[in-house]
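Same order as they appear, the protein sequences are chains V, G, W, D, S and R.
So the first sequence is numbered by full-length UniProt numbering: it starts at 1 and just counts up by one.
So the second sequence is numbered by full-length UniProt numbering: it starts at 1 and just counts up by one.
So the third sequence is numbered by full-length UniProt numbering: it starts at 1 and just counts up by one.
So the fourth sequence is numbered by full-length UniProt numbering: it starts at 1 and just counts up by one.
So the fifth sequence is numbered by full-length UniProt numbering: it starts at 1 and just counts up by one.
So the sixth sequence is numbered by full-length UniProt numbering: it starts at 1 and just counts up by one.
It should be emphasised that the hints constitute simulated quantities derived from the structure, not laboratory data.
Among the clues, some could well be false.
Identical chains share a label here; the pair holds if one copy fits it or two copies do between them.
To be verified - With a straight-line Cα cutoff of 25 Å, these simulated SDA-like cross-link-like pairs (lysine to any residue) come out:
no. : residue 1 : residue 2
1   : LYS66     : GLY11
2   : LYS66     : ARG38
3   : LYS66     : ASP49
4   : LYS66     : LEU37
Chain residues, written in single-letter form:
There are 6 protein chains.
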Amino acid sequence: MPFVQVQAIEGVFTEEQKREVIARITDVMVSIEGESLRGVTWVNFIEIDSGCWGIGGQPLTTEAVKAMQNGG
Amino acid sequence: MPFVQVQAIEGVFTEEQKREVIARITDVMVSIEGESLRGVTWVNFIEIDSGCWGIGGQPLTTEAVKAMQNGG
Amino acid sequence: MPFVQVQAIEGVFTEEQKREVIARITDVMVSIEGESLRGVTWVNFIEIDSGCWGIGGQPLTTEAVKAMQNGG
Amino acid sequence: MPFVQVQAIEGVFTEEQKREVIARITDVMVSIEGESLRGVTWVNFIEIDSGCWGIGGQPLTTEAVKAMQNGG
Amino acid sequence: MPFVQVQAIEGVFTEEQKREVIARITDVMVSIEGESLRGVTWVNFIEIDSGCWGIGGQPLTTEAVKAMQNGG
Amino acid sequence: MPFVQVQAIEGVFTEEQKREVIARITDVMVSIEGESLRGVTWVNFIEIDSGCWGIGGQPLTTEAVKAMQNGG
């Protein structure tokens with residue numbers, strides 16, 4: 001406690017970035033709740049299939065997200 | 001907001017059907033909450049491994065669901 | 001199977017609207033997966049506290065959502 | 001109702017063990033809620049990628065969990 | 001790891017029963033994964049508002065579940 | 001996308017701290033995925049009833065967590 005779950009479309013975050021997300025979200029939580037809760041602060045990361053995430057009903061693909069990242 | 005998550009056993013819905021689920025659930029939400037919230041109405045779709053979903057303790061497989069669909 | 005979970009900020013949907021969401025999302029699923037799966041098609045609705053949902057880091061309140069609904 | 005979701009790192013539980021988890025968690029629920037709810041007691045099992053689960057910010061791998069299991 | 005989440009309609013389980021569910025699900029997991037993982041075996045329990053859980057599109061209330069429990 | 005959900009025992013985080021968690025987790029995600037995805041980076045925060053979260057089968061209460069925070 002706490003438990004944090006991250007959901008993102010597959011392939012948008014590299015393995016290294018996922019580790020960074022886990023480490024830095026943990027640091028955010030611990031900086032607020034206190035270092036003594038670090039051992040019971042969990043973060044996990046789930047990938048959703050490309051095209052299986054709709055925004056406004058439009059399916060979002062890995063490529064579409066990457067285009068957004070590149071200012072597309 | 002809102003965020004809708006669909007969970008189903010793998011292989012029961014085709015890719016096209018998953019897109020249809022996402023689009024039509026979004027339309028249901030928007031028809032109730034208002035078109036102005038379409039852009040912040042998210043739906044995603046997660047597949048669970050065949051046999052990793054129990055009803056009454058009995059593991060349900062993709063084949064078993066298809067048999068149910070065909071009136072089995 | 002399937003299981004659908006709806007998350008929305010508290011107070012945006014009336015009790016009646018929540019029932020409508022549950023009924024109509026079920027109808028969407030059943031129209032695609034087949035009537036024979038109606039009995040194993042579940043939808044539940046969870047409300048999140050006002051201000052406990054961030055978009056782009058900005059906390060969204062019930063009032064803010066209602067303003068959006070009214071074209072604010 | 002009830003719906004129980006189990007999340008574990010991939011490869012820690014064998015297919016047989018996952019079935020056993022589903023069956024025995026269902027039995028626990030039914031022994032408390034009553035046999036009449038067995039048919040509406042669902043349990044599913046989701047696997048998280050190795051390294052995509054942090055405890056205290058440290059990413060946990062399948063191998064690390066197995067080492068823990070073996071007293072490592 | 002593992003993390004188990006139980007969802008049930010409000011008021012169906014007493015506080016004592018919820019504790020029993022948490023303890024006994026933990027025991028099931030530990031008996032399969034090994035006692036060494038007990039400290040990292042988490043179970044939490046979430047209650048869903050009465051009427052906010054649909055089975056086949058029909059909203060299930062606390063009273064309806066209790067009637068089912070009593071063979072109604 | 002991405003969607004981040006934080007679960008914590010009720011009363012451990014103040015309203016202000018919950019806002020801070022939402023803002024700072026968003027900043028972590030955006031610093032990795034890119035500022036262009038800020039508008040589609042969501043974080044929400046769910047509170048679990050005191051005593052409804054077990055670690056190793058032991059129910060954790062709000063008071064117990066506060067004691068841990070104070071080095072108890």
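Now for the hints, and whether the structure bears them out:
no.	hint	in the structure
1	LYS66 - GLY11	within (9 Å within a copy, 27 Å between copies)
2	LYS66 - ARG38	between (33 Å within a copy, 14 Å between copies)
3	LYS66 - ASP49	both (15 Å within a copy, 22 Å between copies)
4	LYS66 - LEU37	between (35 Å within a copy, 10 Å between copies)
In the structure shown, no violation is registered for any of the earlier numbered hints.
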